[in-house]
Amino acid sequence: MLSRTAEYLYWISRYMERAETTARLLDVGYRMSLFPNPSGYNNEWESVLSAAGAIDGYKNKYNTIEQRNVEDYLFFDESNPSSVYNCILNARNNALVVRTSFTPESWLAINKTYQEMLNLKEKKFTQSDLPDLTEWTIEQVNLFRGSLSSLLRNDGYNFLFLGLFIERADNSARLLDVKYFVLLPKPQYVGGNIDNMQWSILLRSLSSFRAFRWAYEGNITATKIADFLVLNNNCPRSLSFCIQNIVKHLTNLTCSPSKVERIYNNLKDLNTKIQEEKIETIVEYGLHQFVTQFIRKISSVDNEIHQEFFN
Amino acid sequence: MYQSESVIRNHYNNINDWLDQMTSKVILEKNAEAETHFRNIGITFSTNNETARERIIPFDLIPRIFTYTEWLRLERGVIQRAKALNAFLADIYNQGEIIKANIIPKEIIYKKKSFEPSMFGFSPPRDIYSPIIGIDLVRTGPNDYFVLEDNCRTPSGVSYMLENREIMMRMFPDLFHNNRVTPIDDYPTRLLQTLMSLAPIKCENSEPVCVLLTPGPLNSAYYEHSFLSDQMGIEMVESTDLFVEGKYLYMKTVDGPKRVDVVYRRIDDDFLDPLCFNPQSVIGVPGIMDVYRTGGVNICSAPGSGIADDKAIYIYVPEMIKFYLGEQPILDNVETWNCEKEQELKYVLDNINKLVVKEVDGSGGYGMLIGPKSSKSSIDEFKTKLSTNPKGYIAQPLLDLSFSPTLIKNQVEGRRVDLRPFCLIGEQAQLSSGGLTRVAMNEGSFVVNSSQGGGVKDTWVLAE
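Top to bottom, those sequences are chains C and E. Each residue of the first sequence is one higher than the one before, starting from 1 at the first, in the working numbering. Each residue of the second sequence is one higher than the one before, starting from 1 at the first, in the working numbering.
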């Protein structure tokens with residue numbers, strides 16, 4: 001397989017995953033905006049922008065933070081590299097190049113999404129349309145993922161999924177971090193009702209609310225949720241699950257075993273640690289520090305994948 | 001379709017019945033279905049006046065039909081022409097016999113930009129310079145076919161030929177049950193066989209590694225590039241995926257470098273090798289020409305093939321056929337005036353309102369004048385151009401192109417058509433059993449180019 005093909009496949013799933021995350025974040029903001037805004041909490045739309053890594057770009061463009069503008073910026077804005085529009089556009093442009101490396105269904109899924117996106121963009125939308133837009137995005141991404149199930153299980157498949165889990169690991173970690181450091185500025189609120197409400201919104205944004213209920217009994221507590229999103233191997237968005245899948249798709253690669261080995265060596269400590277760690281230890285050590293280290297590690301793995309395979 | 005005003009040619013009877021059965025509602029639905037299909041698969045193109053949204057070429061539901069005997073003659077004629085064009089290239093880049101025989105003056109060959117001096121004295125595998133040739137044909141009477149132009153560099157449109165058939169079979173399976181239409185879907189396989197049969201001398205693989213070299217997604221034929229590489233099961237590469245090391249060409253893969261034997265290039269000569277052609281070019285593979293000339297790789301079509309489809313060379317193709325093959329041309333040229341010659345220029349200037357004037361280097365229906373359809377001011381403009389740069393132009397009579405029934409707002413109306421069949425020459429010479437029929441969708445229009453609002457049709461060759 002051409003190095004460029006591998007790179008494009010990797011980025012197609014990253015973009016599609018990112019489109020979903022951004023859309024879900026918008027949904028979080030939307031839900032939070034329906035609750036009364038208690039004093040001491042930051043504006044929910046500002047949190048959403050921070051979580052999406054788009055706060056600086058937004059502030060360059062707008063003076064005040066308003067729902068209408070945040071929605072537009074995160075969903076349609078061409079100047080925001082992570083807007084759902086740009087993610088889909090980039091995924092589609094990459095897919096155009098490597099369409100022959102996956103199934104016609106996968107290409108169709110992406111191209112139809114792109115065509116519909118152009119139609120959506122031409123229409124003026126209203127605030128109440130936001131849940132529809134989120135739902136639409138999630139549906140489209142699911143269509144794409146579904147189409148991958150009939151792919152040959154070759155290196156192209158593994159690069160697609162490496163991209164997906166690298167992106168997801170990064171996104172989940174950032175969401176977790178944002179919960180603690182952006183949503184919640186005052187320690188006295190920890191464990192309060194509003195805190196729990198926000199945790200459940202976080203779960204929803206990761207499409208894990210119901211899954212959490214299945215996995216844990218009793219009250220929703222911060223520790224349980226952290227355990228669920230960091231360590232639980234059954235949760236498809238947990239950091240641990242993402243790492244395991246990164247390792248799996250990495251070691252399934254048949255090309256260049258020596259390159260695979262090098263990347264694996266860098267990753268295996270984190271993998272072992274996350275499998276053995278207890279959530280209490282992590283919380284004691286500091287969730288933020290843990291998550292920050294995790295994000296750094298994922299980014300270095302991403303760099304190595306680019307160095308070894310795409311150059 | 002019609003023999004005279006009201007008599008339908010026999011082989012169109014089935015289609016006529018089929019049309020009669022279709023309600024306008026069905027036609028509308030099928031048109032929409034075809035459009036959605038083309039948009040979804042991404043068979044779009046961009047024009048010189050770029051707009052934000054990609055365009056699709058209008059597709060007409062009514063197929064154009066050739067009988068077996070009609071086609072047989074075209075097939076022989078096109079293959080004959082393709083062979084002569086390759087013989088011409090082999091000759092002018094080596095002995096130059098046709099010049100010595102005073103058939104073609106040497107100035108019009110060696111001074112052309114499309115002539116490639118670096119090819120002099122080099123012979124590509126099997127002496128095939130241009131393995132894929134698209135010949136544009138027009139019909140002006142029951143058996144009067146003329147060659148409008150030859151395309152020896154990188155003719156495009158074959159993906160439309162294949163996709164038009166695909167959508168027709170999908171939407172109207174009954175049509176294909178009731179008509180014996182020769183299949184065309186083996187074209188990509190034949191193309192791959194042709195490329196593999198042209199492996200360079202130093203190739204060590206029993207199955208040569210072929211790649212398709214594309215300029216990238218911004219090229220208007222990009223869909224075709226990815227379609228063909230997919231159908232052939234070969235890599236579609238951009239020049240940054242290739243590099244030269246030692247005497248060979250490699251592509252960068254996740255397993256490391258992989259040697260390439262045959263490059264089916266869909267980029268222009270100028271962008272092949274910055275060391276050899278255009279030093280300003282940021283695309284291209286430095287050193288590929290050295291590898292080519294030392295037999296490490298084959299480039300199809302060969303650099304410098306473009307001279308064979310130059311509009312000034314076109315005039316001499318019938319002579320080439322006689323000279324190289326010792327045969328009479330089966331397909332005629334359109335009468336052409338070479339404005340470079342003083343007398344012919346005078347004729348053109350005197351009769352310009354009856355003629356079509358074309359730029360020698362123009363394509364895509366741009367830069368041409370259709371005398372009988374043009375305003376006085378544009379005629380005057382062309383007269384000035386002709387007088388200042390006569391070399392840059394040729395002129396032809398306005399041909400009365402044949403009409404083909406075409407659905408216009410649910411009504412069947414006649415529209416002018418041309419045809420581009422695709423000829424492959426490698427170990428053997430063969431013609432696709434069909435081609436790209438382009439149709440001028442505007443009433444009275446003579447221009448079939450997609451950039452000028454032309455459409456396409458499925459093209460049938462009936463089995464014997």
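Since the hints were made in silico from the structure, they are not lab data. Note that the coordinates shown come from a computational prediction; the quantities given were computed from them, not determined experimentally. It is possible that some hints are incorrect.
Mimicking BS3-like on lysine-lysine, the simulated pairs with C-alpha atoms at most 30 Å apart in a straight line are [to be verified]:
1) C/K259 with E/K30
2) E/K409 with E/K111
3) E/K409 with C/K123
4) E/K373 with E/K383
5) C/K121 with E/K83
6) E/K383 with E/K25
7) E/K383 with C/K259
8) C/K268 with C/K278
9) C/K121 with C/K59
10) E/K311 with E/K373
11) E/K311 with C/K259
12) E/K346 with E/K106
13) C/K123 with E/K25
14) E/K30 with C/K248
15) C/K112 with E/K311
16) E/K25 with C/K112
17) E/K30 with C/K268
18) E/K391 with E/K341
19) E/K30 with C/K123
20) C/K248 with C/K297
21) C/K297 with E/K252
22) C/K112 with E/K373
23) E/K383 with C/K248
Consistency of the hints with the structure:
1. C/K259 with E/K30: 52 Å, violated
2. E/K409 with E/K111: 49 Å, violated
3. E/K409 with C/K123: 28 Å, holds
4. E/K373 with E/K383: 15 Å, holds
5. C/K121 with E/K83: Roughly 52 Å between the alpha carbons, so the hint for C/K121 and E/K83 is violated.
6. E/K383 with E/K25: 49 Å, violated
7. E/K383 with C/K259: 66 Å, violated
8. C/K268 with C/K278: 18 Å, holds
9. C/K121 with C/K59: 22 Å, holds
10. E/K311 with E/K373: Roughly 22 Å separates the two Cα atoms, so the pair holds.
11. E/K311 with C/K259: 54 Å, violated
12. E/K346 with E/K106: Between E/K346 and E/K106 the Cα gap is close to 23 Å, so the pair holds against 30 Å.
13. C/K123 with E/K25: It holds: about 28 Å lies between the C-alpha atoms, which stays within 30 Å.
14. E/K30 with C/K248: Violated, because 47 Å separates the two Cα atoms, which is more than 30 Å.
15. C/K112 with E/K311: With a Cα-Cα distance of about 42 Å, the restraint between C/K112 and E/K311 is violated, given a limit of 30 Å.
16. E/K25 with C/K112: Holds: E/K25 and C/K112 sit about 25 Å apart, inside 30 Å.
17. E/K30 with C/K268: 56 Å, violated
18. E/K391 with E/K341: 8 Å, holds
19. E/K30 with C/K123: This hinted pair holds, its Cα atoms lying about 27 Å apart.
20. C/K248 with C/K297: 17 Å, holds
21. C/K297 with E/K252: 27 Å, holds
22. C/K112 with E/K373: 42 Å, violated
23. E/K383 with C/K248: 71 Å, violated
Checked against the numbered hints listed earlier, the structure breaks hints 1, 2, 5, 6, 7, 11, 14, 15, 17, 22 and 23; every other hint is satisfied.
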